[in-house]
Amino acid sequence: MNRAVVSSYTARTQALITATGLSNTTKINAINSFDLEIQSIESKLTNKALYLLFLENSTWNARNFLGTSTFDLTFSGGLTHTASGVLPNGINGFANTNFKNATHLSSGTNYTLFFQSMNDSNIGVDIGSFSTGTLVVLDIEARYGGSIYAGQNSNGYLTASNSDGSGIYINTRISNSDTRLYKDNILKASSSSNIGTTSNIDNYLFARNETGYASFYGSKKALTAGIIDGLTVGEIAILNTALSNLKTNLGV
Amino acid sequence: MIAILTTEQKDSLIGQTYDGECYFNPIQDLNDNWVISEQEIAQSSLQWLKDLPLSEYQPKPQTPLF
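Order-wise, the sequence lines are chains W and E. Counting in our numbering, the first sequence runs from 1 upward without gaps. Counting in our numbering, the second sequence runs from 1001 upward without gaps.
Think of the hints as simulated: they come from the structure by calculation, not from any bench. Careful: at least some of the hints might be erroneous.
[Claimed, not checked] Which stretches of chain E does chain W cover? Using the computed rule of at least three CB atoms under 8 Å from a CB of chain W, they are: (1) 1010–1024; (2) 1056–1065.
[Said to hold, decoys possible] Over 12 Å on every C-beta distance to chain W, these chain E residues come out as not near it, computed from the model: (3) 1006; (4) 1035; (5) 1048; (6) 1050; (7) 1051.
This one's a predicted model, so the numbers in the text were calculated from it and none came from an experiment. Every residue gets a Cβ at the ideal spot worked out from N, C-alpha and C, and that includes glycine.
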């Protein structure tokens, strides 16, 4: 009797396995559990970008886990692909997400940037863009000169002191009057001021896109990173927990 | 660590990948030399790159973000 083979993995996990040939069961099971956890914020993930950067080679790490290949990463410069993330060299290593805020965010303005940092360094932009013409910045600097900075997709920043650049950083705007910066699910800064601008240039990972060229190269190793729609406080907690559990399940 | 390139060497690397996926990214250092990183060299199969001497990177001064 023929039996249908039913995958025990989520569609996204199975798609990753099929596309890459990934066979490491620790990684597969960790990814599958992560995907099950983030399905409760699915409406914020559709046609957005999420990168799993612990797959140990550039071809696999470039893939947008959420499936929209438009946002597959384009890597350039000095990068090292390890089991605990991609380490940029702080000199010329970065990746283009090919994700443009005004075009690809559902509202055009509300956003979430996240960056899961595996090490401390006190330099560089970790993910983001800066439109020099309109002076619009959207980014995360997990630690720069002793502070976290989070560009608000405007000409403003959220900021807080930070003595360790590792951790899970989430920079989100759910409405023009509600922007928040979290580290490890702890609110570090927020703003209720009205913000109405946005830019339309690609966001870079491990640097910022300064209207066409990479600047402020970072040296923080990323386990994951992404650009999705704006999150509520409850959704921030879900994402943070899922990212934290992923790191634990990977054993890194 | 970085290696200094001639302009011709830099031009030959533009648009090329060093591992089939990652692009070379020559940048200019403090003295306007074109340089690439040791990571790019280590992951490339181009033998002539591996013969280049490595030295400390001297960055251009950058206006602080804040």
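Status of the hints after comparison with the structure:
1. Judged by the Cβ-Cβ criterion of 8 Å, the segment 1010–1024 of chain E is covered by chain W as claimed, because 6 of its residues qualify and three suffice.
2. Taking a C-beta to C-beta cut-off of 8 Å, the segment 1056–1065 of chain E contributes 5 residues in contact with chain W, enough for the three needed, and the coverage statement holds.
3. Every beta carbon of chain W lies more than 12 Å from that of residue 1006/E, the smallest distance being close to 17 Å; the non-interface claim holds.
4. With a closest Cβ-Cβ approach of about 8 Å to chain W, residue 1035/E is found to fall inside the 12 Å limit, against its non-interface label.
5. Against chain W, the non-interface label of residue 1048/E holds: every CB pair exceeds 12 Å, the least being about 18 Å.
6. Non-interface status of residue 1050/E relative to chain W is upheld: no Cβ of that chain comes within 12 Å, the nearest being about 15 Å off.
7. With a least CB separation of 19 Å from chain W, residue 1051/E remains clear of the 12 Å interface cut-off, as annotated.
Hint 4 from the earlier list is the only one contradicted by this structure; the remaining hints agree with it.
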